Amino acid sequence: MFPESFNYSVAKSVNNAIRWLLQTHGSAFDSFSMAILGLLLRVQGFLVSVPWWGYILFIAVMAWIATRKILPTIVLAVLPVFIGMFGLWSLALETLALVITSVVIALVVGIPLGVIMAEARLFAEFTKPVLDAMQTMPSFVYLIPAMMLFGLGKVPAVIATLIYALPPVMRLTCLGLQQVPRPVQEAARAYGATRWQLLKEVRIPLAMPSILAGVNQTTMMALAMVRNSVHDRCQRVGPGSSDGDQPDRCRQGFRGRHIDRNNGNCHRPDNTGPCPKVGSEQKVTRKPRRQATGGQDQLSETLDVKAENQ
Amino acid sequence: MTENIIEVSELWKVYSKKDIDFNVDDEEMIESLDKSGDSVVAVRDVSFSVKPGEVFIVMGLSGSGKSTLIRCLLRLVDISWGSVKINGQEISAMNKKEITQFRRHEAAMVFQHYGLLPHRTVVENVAFGLKLRGVPRKERREKAREAIATVGLQDWGNYYPASLSGGMRQRVGIARALVADTPLLLMDEPFSGLDPLIRREMQEELVRIQDEFHKTIFFVTHDLDEAMRLGDRMAVMKNGEIVQIGKPAEVFANPADEYVARFVQDKREEIRKTDEQMAALAAQPEKAVNKDVS
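These protein sequence lines map, in sequence, to chains U and W.
If you want the numbering used here, it's the position in the first sequence, counting the first as 1, plus 24.
If you want the numbering used here, it's the position in the second sequence, counting the first as 1, plus 15.
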């Protein structure tokens with residue numbers, strides 16, 4: 025066994041560091057948080073303003089364009105109806121808003137960073153291990169610091185999703201640019217292409233398939249991660265978010281235990297409800313159970329609460 | 016106006032993983048570079064000159080440094096030592112802007128692997144050089160169409176390179192070089208990837224184009240036939256050095272060393288065989304006719 029005398033706890037210094045960060049730079053985190061929340065709510069506002077049949081129509085049209093077959097079109101168009109029938113429509117829209125926001129931010133940040141990675145080797149050397157760390161870390165490991173810094177609610181979910189979804193698009197953008205055939209690049213250089221022209225006219229267009237694969241992967245990652253953070257935010261389980269009634273089990277937990285940034289800065293401009301609270305202990309204790317029973321758990325839970333509510 | 020369009024003297028090119036401060040006078044260093052596994056002396060002490068309107072051939076086996084040499088002329092690879100002057104301008108002394116302008120206006124290159132942009136149509140590919148220069152869209156398309164007609168691809172302008180055969184793709188490559196309207200044309204084994212019949216056709220095409228445009232052509236090949244058919248003068252390269260320079264017929268008749276001799280030997284044998292066959296045919300005219308009948 026590892027000798028006990030070597031044990032060293034970083035808890036205190038981390039706590040101090042976080043406290044210092046929040047005390048001195050709290051307003052910066054707040055404004056960052058508000059910016060993301062603003063974007064999220066705008067997206068959500070738009071999504072909510074679209075009538076339900078608009079989605080069905082949109083999906084049907086897209087399915088038709090993609091497959092040109094009647095059966096898949098009908099099946100795909102009917103599937104979202106089930107979401108509505110099970111009473112999950114507004115929750116689905118919230119999830120969708122979260123995914124869209126995260127993916128848009130991930131792409132806006134990730135594609136240029138991927139290009140820089142491909143252009144500047146030093147930057148790539150520095151970035152690659154960071155990307156590895158981002159992807160191998162279990163999600164709640166950065167969800168919790170995100171909550172400490174940005175308060176509770178949807179913003180840390182967006183940030184956690186971002187951290188998880190950013191690497192694929194960066195990596196694939198970089199890879200795509202590096203895989204552009206040498207002879208083509210050489211020919212462009214021989215005709216007097218500047219570095220920028222080479223990038224714009226040759227490398228990015230030729231890397232497009234790889235970049236699009238990155239967009240695809242990032243979307244998948246965002247979906248997976250949003251589902252996770254939805255698990256972790258127990259508010260999602262209850263119906264409370266729309267009528268301001270928080271389920272009791274969500275009340276315990278974070279509040280009063282750690283730094284309660286909630287009271288200070290979590291305003292929800294749309295007044296969709298009070299600031300969500302997160303049960304951290306709950307989350308940890310429930311985790312194994314969920315793993316044991318699988319994904320069914322959440323659905324049945326949601327349905328239970330829904331039924332209770334009615 | 017200098018008399019020579021290309022003037023290369025004491026050119027060295029060393030590929031190395033390490034940063035080295037190359038110096039020709041340091042013989043020990045060159046020796047150690049030759050021995051070390053992570054550097055290659057690709058071009059060593061090469062000097063030659065090319066006159067305007069000349070077709071200058073560089074011939075050698077693969078790995079003899081000829082592709083590196085042609086890249087040095089456009090500074091697609093950095094020069095380790097020596098001087099390359101084109102139209103009297105020292106290439107190695109140019110800054111980034113100057114070299115870009117030089118590549119746009121002074122020399123156009125044709126590549127063995129075509130180097131076409133797969134996401135652009137034939138017209139767009141040919142117009143690419145003009146686009147880089149900032150020529151307006153309409154004008155560059157017009158010029159591109161003209162050049163495409165010159166190489167006989169007028170019906171293929173809106174196709175993508177993927178739907179063209181090798182020979183047609185290289186025609187696009189040539190059209191792209193012609194449309195740049197540069198005095199100097201650099202060709203790096205342009206016909207090596209083509210099958211013999213098409214290669215022959217393309218060589219004739221190049222002769223025709225040369226008759227029309229009177230460019231200076233710097234042509235790299237490993238094919239002696241090609242060198243003899245196209246070249247006004249030729250240089251034979253071996254292991255980074257030029258071992259012989261002269262008119263193709265001279266090189267053929269008087270190989271400077273064994274390496275060159277081996278190069279021309281096959282060709283000689285071929286000619287000898289053809290001669291023998293011709294002689295045999297001439298000696299027995301009736302038999303030949305009978306054969307034809309049966």
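Calculated directly from the structure, the hints in this document are not laboratory data.
It is possible that part of the hints are untrue.
Straight-line distance between alpha carbons at most 25 angstroms, and here's what the computed SDA-like set of lysine to any residue pairs gives [said to hold, decoys possible]:
#1 K93(U) <-> F106(U)
#2 K253(W) <-> D238(W)
#3 K152(U) <-> K93(U)
#4 K32(W) <-> E149(U)
#5 K111(W) <-> K93(U)
#6 K66(W) <-> E285(W)
#7 K33(W) <-> Q209(U)
#8 K50(W) <-> V92(W)
#9 K32(W) <-> E210(U)
#10 K153(W) <-> L222(U)
#11 K111(W) <-> V204(U)
#12 K32(W) <-> F106(U)
#13 K224(U) <-> N110(W)
#14 K224(U) <-> S51(W)
#15 K146(W) <-> V204(U)
#16 K32(W) <-> R219(U)
#17 K224(U) <-> D238(W)
#18 K32(W) <-> W88(U)
#19 K33(W) <-> A148(U)
#20 K33(W) <-> F106(U)
#21 K146(W) <-> K152(U)
#22 K112(W) <-> D196(W)
#23 K50(W) <-> D36(W)
#24 K282(W) <-> V222(W)
#25 K224(U) <-> K253(W)
#26 K224(U) <-> P151(W)
#27 K33(W) <-> E18(W)
#28 K32(W) <-> F150(U)
Since the model is a prediction, treat every value here as computed from it, not as a measurement.
Hint check:
1. K93(U) <-> F106(U): This hinted pair holds, its Cα atoms lying about 21 angstroms apart.
2. K253(W) <-> D238(W): Holds, at roughly 14 angstroms.
3. K152(U) <-> K93(U): Measuring from Cα to Cα gives roughly 43 angstroms; hence the hint is violated.
4. K32(W) <-> E149(U): Satisfied, since the Cα-Cα distance of roughly 18 angstroms is no more than 25 angstroms.
5. K111(W) <-> K93(U): Violated, because 55 angstroms separates the two Cα atoms, which is more than 25 angstroms.
6. K66(W) <-> E285(W): Not OK: K66(W) and E285(W) at ~32 angstroms, beyond 25 angstroms, violated.
7. K33(W) <-> Q209(U): Holds - the C-alpha atoms of Q209(U) and K33(W) are around 24 angstroms apart, at most 25 angstroms.
8. K50(W) <-> V92(W): The given pair, whose Cα atoms are some 22 angstroms apart, holds under the 25 angstroms limit.
9. K32(W) <-> E210(U): Measuring from Cα to Cα gives roughly 20 angstroms; hence the hint holds.
10. K153(W) <-> L222(U): The hint holds at about 22 angstroms.
11. K111(W) <-> V204(U): holds, 23 angstroms
12. K32(W) <-> F106(U): violated, 62 angstroms
13. K224(U) <-> N110(W): Holds, because 22 angstroms separates the two Cα atoms, which is no more than 25 angstroms.
14. K224(U) <-> S51(W): Roughly 39 angstroms between the alpha carbons, so the hint for K224(U) and S51(W) is violated.
15. K146(W) <-> V204(U): Roughly 20 angstroms between the alpha carbons, so the hint for K146(W) and V204(U) holds.
16. K32(W) <-> R219(U): holds, 23 angstroms
17. K224(U) <-> D238(W): Violated, at about 37 angstroms.
18. K32(W) <-> W88(U): violated, 54 angstroms
19. K33(W) <-> A148(U): holds, 20 angstroms
20. K33(W) <-> F106(U): violated, 64 angstroms
21. K146(W) <-> K152(U): violated, 36 angstroms
22. K112(W) <-> D196(W): holds, 20 angstroms
23. K50(W) <-> D36(W): Roughly 17 angstroms separates the two Cα atoms, so the pair holds.
24. K282(W) <-> V222(W): holds, 22 angstroms
25. K224(U) <-> K253(W): violated, 39 angstroms
26. K224(U) <-> P151(W): holds, 18 angstroms
27. K33(W) <-> E18(W): violated, 39 angstroms
28. K32(W) <-> F150(U): holds, 21 angstroms
In summary, the numbered hints that this structure violates are 3, 5, 6, 12, 14, 17, 18, 20, 21, 25, 27.
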